[in-house]
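**Q** Protein chains in written order, with our numbering: chain U, 1 to 332; chain V, 1 to 253; chain B, 1 to 304.
Calculated directly from the structure, the hints in this document are not laboratory data. There may be inaccurate statements among the hints.
Facing chain V, according to a computed beta carbon distance under 8 Å, are these residues of chain U, among others [to be verified]: (1) Arg-130; (2) Arg-197; (3) Gln-200; (4) Ser-201; (5) Leu-205; (6) Val-206; (7) Glu-212; (8) Asn-213; (9) Glu-218; (10) Ser-219; (11) Gly-221; (12) Phe-222; (13) Ala-223.
We treat Cβ as the ideally placed atom computed from N, Cα and C, and that holds for glycine.
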Amino acid sequence: MSIPVLLTRKKILAVAVFALLFLLPPVFQATGHEYLVSLFTRIIIYGLAAVSLDLILGYGGMVSLGHAAFFGIGAYVTAIFSYHSFQSSPVLNWPVQIPGSENCIVLMGLAFLVATFFGLVTGSICLRTRGMHFIMITLAFAQMFYYFFVSMEAYGGGDGLSLYGRNSLFGIDLGSDFFFYYLCLILLTIFSFLAHRLVQSRFGLVIKGCRENETRLESLGFAIYRHKLFCYGFAAGIAGIAGALMANQSEFVSPGLMHWTKSGEILVMVLLGGTGTIIGPILGAATLILMEETLAMYTEHWMIILGPFLILVVLFAKKGMYGLLTGQETKS
Amino acid sequence: MTEILLETQQLCKQFGALKACSNVSIKVKRGELHGLIGPNGAGKTTLIDLISGTIQADSGTILFNGTELTRKPLHVRSKQGLVRSFQVTSVFNSFTVEENLIAAVLSRSGSSFRFFSRAVSDSTLREPAHEVMERIGLKDKRLTPAANLSHGERGQLEMGMALATQPKMLLLDEPMAGLGPGGTVRLTELINTLKESVTILLVEHDMSAVFSLADRITVLVQGEVAATGTPDEIQLNEMVQKAYLGQGVTCLS
Amino acid sequence: MILFIEQVLNGLQLGIMLFLMSAGLTLVFGIMHVINLAHGSFYMIGAYVAATVTMRSGSFLLGMAAALPAAALVGMLVEILILRRLYNRDHLDQVLATFGLIFFFNELTIIIWGRQPLFMDVPSWLNQTIELLPGIHYPQYRLAIIFVGILVAVFLYVLFTYTRLGLRIRAGATNREMIAAMGINIRVLYTLVFGLGTLLAGLAGVMAGPILAVETGMGESILILTFVVIVIGGIGSVRGAFIGAVFVGLVDTLGRAFTPQLFRLFFETNTADRLGGSLSTMAVYVFMAAILAWKPRGLFPAHG
Chain U
1 MSIPVLLTRK KILAVAVFAL LFLLPPVFQA TGHEYLVSLF TRIIIYGLAA VSLDLILGYG
61 GMVSLGHAAF FGIGAYVTAI FSYHSFQSSP VLNWPVQIPG SENCIVLMGL AFLVATFFGL
121 VTGSICLRTR GMHFIMITLA FAQMFYYFFV SMEAYGGGDG LSLYGRNSLF GIDLGSDFFF
181 YYLCLILLTI FSFLAHRLVQ SRFGLVIKGC RENETRLESL GFAIYRHKLF CYGFAAGIAG
241 IAGALMANQS EFVSPGLMHW TKSGEILVMV LLGGTGTIIG PILGAATLIL MEETLAMYTE
301 HWMIILGPFL ILVVLFAKKG MYGLLTGQET KS
Chain V
1 MTEILLETQQ LCKQFGALKA CSNVSIKVKR GELHGLIGPN GAGKTTLIDL ISGTIQADSG
61 TILFNGTELT RKPLHVRSKQ GLVRSFQVTS VFNSFTVEEN LIAAVLSRSG SSFRFFSRAV
121 SDSTLREPAH EVMERIGLKD KRLTPAANLS HGERGQLEMG MALATQPKML LLDEPMAGLG
181 PGGTVRLTEL INTLKESVTI LLVEHDMSAV FSLADRITVL VQGEVAATGT PDEIQLNEMV
241 QKAYLGQGVT CLS
Chain B
1 MILFIEQVLN GLQLGIMLFL MSAGLTLVFG IMHVINLAHG SFYMIGAYVA ATVTMRSGSF
61 LLGMAAALPA AALVGMLVEI LILRRLYNRD HLDQVLATFG LIFFFNELTI IIWGRQPLFM
121 DVPSWLNQTI ELLPGIHYPQ YRLAIIFVGI LVAVFLYVLF TYTRLGLRIR AGATNREMIA
181 AMGINIRVLY TLVFGLGTLL AGLAGVMAGP ILAVETGMGE SILILTFVVI VIGGIGSVRG
241 AFIGAVFVGL VDTLGRAFTP QLFRLFFETN TADRLGGSLS TMAVYVFMAA ILAWKPRGLF
301 PAHG
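Could you put the whole structure together from the sequences, leaning on the hints where they help?
**A** Written as structure tokens, this is what we have:
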């Protein structure tokens, strides 16, 4: 298969996926399956989280088991500020008074910044290690955040915190599943595009090199640590935004959002869809969530099917959905 | 402009009980091609590792272009112009030949913290990369993934990447290993053309190549400098003869 | 003061449990270079089997006698069927496949035993407290755990230093081809090593049964601390696992017990309790980060 044809196949798939996602809600409405809008919103949100993980994992080779921490942090930032806004109490009194907010733009921005901040802080330590060490340290940090939020009684502790409704965006009623779906989809489209440009850029070239051959990169003169840290922080920020969206979607947050098993779920989505592809993770999110929904209709013990299925995929079908649809090997 | 580009002083490295390098002091003149030979296990690759920064010396100093580099990390030394190639070719397998060379050019050309425009379309990166591609003779394999290249072609790419960084000094670690006679000839020609612009420290087992290319040669035996001199002087040196012909004097391992 | 000593002993006891978990896991990491997220599942299997057999038979020892082989056998089965194929794969594959195992085992326990936790009683012959020093009473059972752990540590030390099997295991860690060339069946060796690891995890699970609730997913919570121990102790080092485990056990226990009080020195009571409570759970991770900043490959990295 010659290269120009491959490129077209990839492009067609990308366009098809987004076109499909844009067209689904009216179709659902027309066929009377409006509840599916909510389901697909979840797919889009997890898709965004999975895309952010693919940046560091699929392209940068950083196997992080703690990515959900940033997802959860974004969610909690949103929930905490919304909570205080509703209670008309300030989030912080000292050293400076910070009021609550229910403004969608403000909260998305905050979620991004706070998640990026913690991404940079934990990344600065984790990225000094490699291989198995790295995996375990990311895991440990994620659990640290988990336990921290479990212990925060003021915000619900282990039981979680409810929001009193979705955030507001210039008077658009985000409480409508319809409008909220499109907000999520627009954000997914924007960030997927940015991620796509990022991996093709100069920076992306270095990151892709990290996955394969760090020694070579260093001997060429690149300061690897700086590049990886930057990528890690950025991916954390995007996961934070996905978290903020999640908080709005379910109008509820709990520490479970940052548990390492949640990181594992997102990892599974990236694998199922195809690592190092941007679109793959979105397909993977859809596959996993739809599979859960379908299997759950037959048995409450669907996990016992999912487990071995996952093992089989890893052992025998590494190409992922993306590979299947474009007919090529994903980077592995 | 100092006459000596690279100088090591009493460089030592020990791995457990094995003294890989003992008080190795060498001087490489600017513009010369300095050969480094010795029996297997003499410590040649270790010395290259120490000079390039792949490993840290236990003691001793490394001076390059007037700057002390002893404690500096790999990537800093590379940026200063001290670049190595690898004995086992170490290219980016999933990248095309073009992308490999662009990555090498990128290390010297502007910032790698650009996030939006396509790297392969960037002419400031493309043009130098294509120049090097021509030089090493891989222009027709431009879009081939490195994984699909033959062994010899990978060696060429390896050299190309080192060249693309516009080094002041190249540390070549057995670049002819595994090449057939045709490949060796081509590589010898390439190195010859480099001699004008780049200082080279060449580690090689292929004696005819080393003796034809080198201006001066240092012989390492069991981690120590046994002799330094012009190819003629070395050929006539008794100790070197013993080391290579192994007249039961020392244990070569 | 009494409270302090009690907490130190609690910390040691937690440390011993962590040692049992991490000894096997660090060996699997160091020798087969496989990351196994499902290690906690064997802890869980040990606990469930012991709980069931103990409840039916009334004997704790019988429960243990059933649980240990069960954990070892299931472990070896998993190694033969699945893990073996992952030795040459990259870490991502290993993470995902063992993740699938976690799903499987967790759901299996729900199917067999339901969602309600099981409760194991402390065996009646260990149900008393011992007066260690005047005024300091400590439960016999917890002392027994510490004792068993130290026995295991000694056993492992003897195994690795003085027996041929131990020597082969250590050699297998450094040079696979050499071992095969010497005619030792490396596959069987790996299966045995893995089985040893899961047996130890099962032992930890059995002993944890009476103290904690036996429930689905119990393995995941202790697994995190186990990873912290291995990261601190150094991958592949059983000695590192022991020292790391004791440290982590002590830091976590003492941190939880005393951080709020420490904070009371600086803040007023309510804030101190809240802040201290939150931060105490993080104490062990801060400790880990500090060790890593000093020694990125842990205290006793097995490969230099």
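**Q** Hint by hint, note whether the structure agrees.
**A** Evaluated hints:
1. Arg-130: 15 Å, violated
2. Arg-197: At 5 Å from the nearest chain V Cβ, Arg-197 (chain U) passes the 8 Å test, so the hint holds.
3. Gln-200: 5 Å, holds
4. Ser-201: 5 Å, holds
5. Leu-205: 5 Å, holds
6. Val-206: At about 5 Å, which falls below the 8 Å cut-off, the nearest Cβ of chain V leaves the hint on Val-206 (chain U) intact, so it holds.
7. Glu-212: For Glu-212 (chain U), the interface hint holds, since the closest Cβ of chain V sits about 5 Å away, which is under 8 Å.
8. Asn-213: Holds. Min distance 6 Å.
9. Glu-218: 4 Å, holds
10. Ser-219: 6 Å, holds
11. Gly-221: Holds, about 4 Å.
12. Phe-222: Since chain V brings a Cβ to about 6 Å from Phe-222 (chain U), closer than 8 Å, the hint holds.
13. Ala-223: With a minimum Cβ separation of about 5 Å from chain V (threshold 8 Å), the hint on Ala-223 (chain U) holds.
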